[in-house]
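Enquirer: Chain V is fixed; fit chain W onto it per the hints.
First to last, the protein sequences are chains V and W.
The first sequence maps to residues 1 to 526 in the working numbering.
The second sequence maps to residues 1001 to 1526 in the working numbering.
What the hints contain is simulated information worked out from the structure, not anything from laboratory work.
Glycine included, every Cβ here is placed at the ideal spot set by N, Cα and C.
Just so you know, not all the hints are guaranteed correct.
Said to hold, decoys possible - With a straight-line cut-off of 30 Å between C-alpha atoms, the simulated DSSO-like cross-links for lysine-lysine are:
id : chain 1 : residue 1 : chain 2 : residue 2
1  : W       : K1134     : V       : K297
2  : V       : K185      : V       : K387
3  : W       : K1297     : V       : K25
4  : V       : K307      : W       : K1025
5  : W       : K1025     : V       : K103
6  : V       : K281      : W       : K1073
7  : V       : K295      : W       : K1134
8  : V       : K227      : V       : K103
9  : V       : K230      : W       : K1025
10 : W       : K1025     : V       : K449
11 : V       : K252      : W       : K1072
12 : W       : K1156     : V       : K297
13 : V       : K307      : W       : K1185
14 : V       : K281      : W       : K1185
15 : W       : K1345     : V       : K25
16 : V       : K386      : W       : K1446
Claimed, not checked - Here are a few chain W residues that sit away from chain V, every Cβ distance over 12 Å (derived from the structure):
id : residue
17 : Y1206
18 : K1208
19 : D1215
20 : G1245
21 : S1255
22 : Q1311
23 : R1344
24 : N1388
25 : Q1453
26 : K1460
27 : K1478
28 : P1488
29 : D1497
30 : D1507
Protein chains: 2
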Amino acid sequence: MTEPEQQLQTESDHREISVAEFFEKNRHLLGFSNPQKAIITCIKEAVDNSLDACEEERILPEIRVTVEEDEKKRLRWQVMDNAVGIDESIIPNIFGKLLYGSKFHKLQQSRGQQGIGISAAGLYAQLTTGNPVKIYSKKKGQEDTHMFKVRIDTQKNEPVIIEDRVVDDYEFDHGTSIEMDIEGKYTGGHHSVKTYLKHTAIMNPYAKIVLNEPDGNTIEFPRVTDKLPKIPKEIKPHPHGVELGVLMRMIKNSSSRTVSSFLQNEFTRVGRTSADEIVEKADMSGKERPSTLEKSKVEDLLAAMQKTDLQNPPTNCISPIGEDLVEEGLKKELNPEFVTSVTRKPAVYRGNPFQIEVGIAYGGDIDNEGTYNVLRYANKVPLIYKKNACATTEAIRETDWSRYGLSESGERPSGPVYILVHMASVWVPFTSEGKEAIASYPAITKEMKLALQEAGRDLKRYISKKQKAQMQKKKANKLSSYSMEMVPALAKLAEHDEDEIREELIDMMKQKYEVDVRKEMEKNTE
Amino acid sequence: MTEPEQQLQTESDHREISVAEFFEKNRHLLGFSNPQKAIITCIKEAVDNSLDACEEERILPEIRVTVEEDEKKRLRWQVMDNAVGIDESIIPNIFGKLLYGSKFHKLQQSRGQQGIGISAAGLYAQLTTGNPVKIYSKKKGQEDTHMFKVRIDTQKNEPVIIEDRVVDDYEFDHGTSIEMDIEGKYTGGHHSVKTYLKHTAIMNPYAKIVLNEPDGNTIEFPRVTDKLPKIPKEIKPHPHGVELGVLMRMIKNSSSRTVSSFLQNEFTRVGRTSADEIVEKADMSGKERPSTLEKSKVEDLLAAMQKTDLQNPPTNCISPIGEDLVEEGLKKELNPEFVTSVTRKPAVYRGNPFQIEVGIAYGGDIDNEGTYNVLRYANKVPLIYKKNACATTEAIRETDWSRYGLSESGERPSGPVYILVHMASVWVPFTSEGKEAIASYPAITKEMKLALQEAGRDLKRYISKKQKAQMQKKKANKLSSYSMEMVPALAKLAEHDEDEIREELIDMMKQKYEVDVRKEMEKNTE
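Chain V on its own, in the form it takes in the complex (with noise of 0.2 Å):
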């Protein structure tokens, strides 16, 4: 053991790690793991935004997807749509700089969340192709398109703005389109861009999107309802799902004069009465300053808040596309034979409210391959990786199919059917960064059984009749070419007419059978 080895660690050694140099090597984190996965990733995150700005805004969405492919194997694409366009002071830092955004902090449904997702699309398209992204953006109400190209300035994780210009080009009135080059490689089959295009539309039926594939091929995904789905609410924090250091910080940050308007300005479902019973049960009077109280004395108050009987948070911060589109979006799209779904009440995990949708489409179109097709959805974004981690498949496998008339092979529903699940939330707790798949908490995958369960029910009611309308039909095709054959016969027994005892029985069988044996009749001789 020599001394030059016996080296303390220094601050020389050890410095920070910007968020975009860790994002860059572990680009897999992200969905950028392959080069056809990340075509899908980069059109995802676009088009997510785009129906995000939609909404906000009221405007039925209309997006153009485009991808086409180099004489270098590199693919280009582009997202336009035809929200409002992005204020010029913050495009830099959206495609420039991960973890920036609006969305992290507020408590409201949205698809994005965490600021991270058009920022490494663009992190990867200068990795792989060394090229900025493109952005054009034109505003409500404006003449002019601004167009900015940006990079990532990636040791820094800041935005360097390497052209910004008005240009009068732009498709529609307004909106943002994105373009960016990267290396992957567009196909076909259940993970590619158009099948990710097709479920996006049957989860939201009030968006017209129109994809252009690299060999010039077209696809639309038409729309079939102007009706918008509400905009949910951006609400604030639920007493019992604030955790210690969280509580701790809001009462440093807050500029409430007292505990008890600091718990009733800063929390939802507290009032005056819930106030002072809080406070009551933490042995305080309720007129402490925030900012004076005691760590221990923080302690007695989250002791107290989860102790005190509190309404369950608001529900106007999710907004479920309802019963109504699902089954709009699933008809059209699949066109099967029998369609049904539940949109359950809001629940709640960990504080979050949250709202579960399922929808089952069956028979008709639909192939009848063997095991079930399965539609995930978060916040209204389909979910297509990571099928096997993801809490809507742990509901679909732990649900009993076989008493809702599907077989099942291993713990599958099996036969012609699509499941549709889709959790909306003001916080969908995804297992990576990726967004690919639900964490299986247990009140989650509880609501997500309940739903199925209900829709079941409805399939097996179909399933029956259907079952049932067979074999009556079987039953009225044996009667109609047997018992005709013994008119002549009972006609001479009973010295009547053939004409006369034909409609006799056809009466009979009618009323008894609920048979019309007339149509059969009619059928055969057709």
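Expert: Frame of chain V; chain W shown alone:
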């Protein structure tokens, strides 16, 4: 549609999100999804750091882990080591700032790589109990021990020093001790601190680890060798593993005066000859100033780098523990009847050198519970969670164990067996920040499978030999019980002494059947 609803997104809505805020809200990404997992994650992060620190300084690690439970059902944990301490100048940042460290930018094997782990534990501690992290550091050769209490300003991702003073008590001659209070649940079983430390002891047999459990129980994992693995060296990036965006940044930041010297200075395995070959292929002279290169020339340079044959990266940047120590580790903690191990030669994925080691322990004290037991490691750190999402498990399942003497149930080998897989690399591609599973890069699973097959063949030989020995033993048993009954009859027939005949028979069987009847006879009469 009314005017007030149509608002542009403006700067006021948008803000930067600190990485600490991000992970506070997404703490399940870092291994803090529930109280049981939280305590394991905390201990893991601290023990990893201690082992890294000791190895860097060539000190045989001695680590004391203590977990206590207080009356509020919170856990207080402490990890104390005999490394060389930490310089006071960097203590606040190490424990109070996420994404801060010395290992992220180095191509050199270490347990830590991201600069998130221990500060994330501190973030979780202050979120759940409001208490700061307590650090004791006694530097080698100094009398004083420094004691810090540090919190994280979550909104800024900056440390706040609560206390900083000199104390005079430290149990070892030098080292670091960390203490935190967390909401946690201490349990036994497969997912427990004890199991985690046991698995750590197997892969780090040169460490002595002592665990003091909340119930007062003490478990010691003893040191069984004084041989430390060699120190991995830091290397430069390899030209075949670099991407365009990174190359552009390297060129921009380079102080080299020519492209040729840039290539030789900044990359491994590029000497004068290779540099000449690369620049020629890129249609350049090599004398160009790096900073003046246009983007298209950088692309040409990258293409030329990738087309040029170069030696694989040097592998002294990785340090496997070696076949002997793998076997030592398995023996000391499992006491099997058979053990084997294989350390493969280094290989490369995406420019990153890595090396696979496997070990198999069979029989002896190992329970025959049906399915196999797995020991997964990344840079000597046990992986406890996400078994099914891990490349190690994939490799084991894709190996045909019936060829190696084990029966299979499903795709899994079964029997009294532990299978150990270790990936050592300058950069392990984890599937999440929690570093719980290794992503399945084809180059990695391929090496794992080759190693498993090699070790499997050793296992097969042992099991075959054992089976043969068992057969022989059976035969010997039969012979000793029946053949001796023939002695009197034979003696009469041959008109010989019975003892003589018996001896002859015994000799014959020893020669012909390789069976020592005398031994069996002695055993039977015991």
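Enquirer: Honestly, which of those hints from before does the structure not fit?
Expert: Violated hints: 20, 24; rest satisfied.
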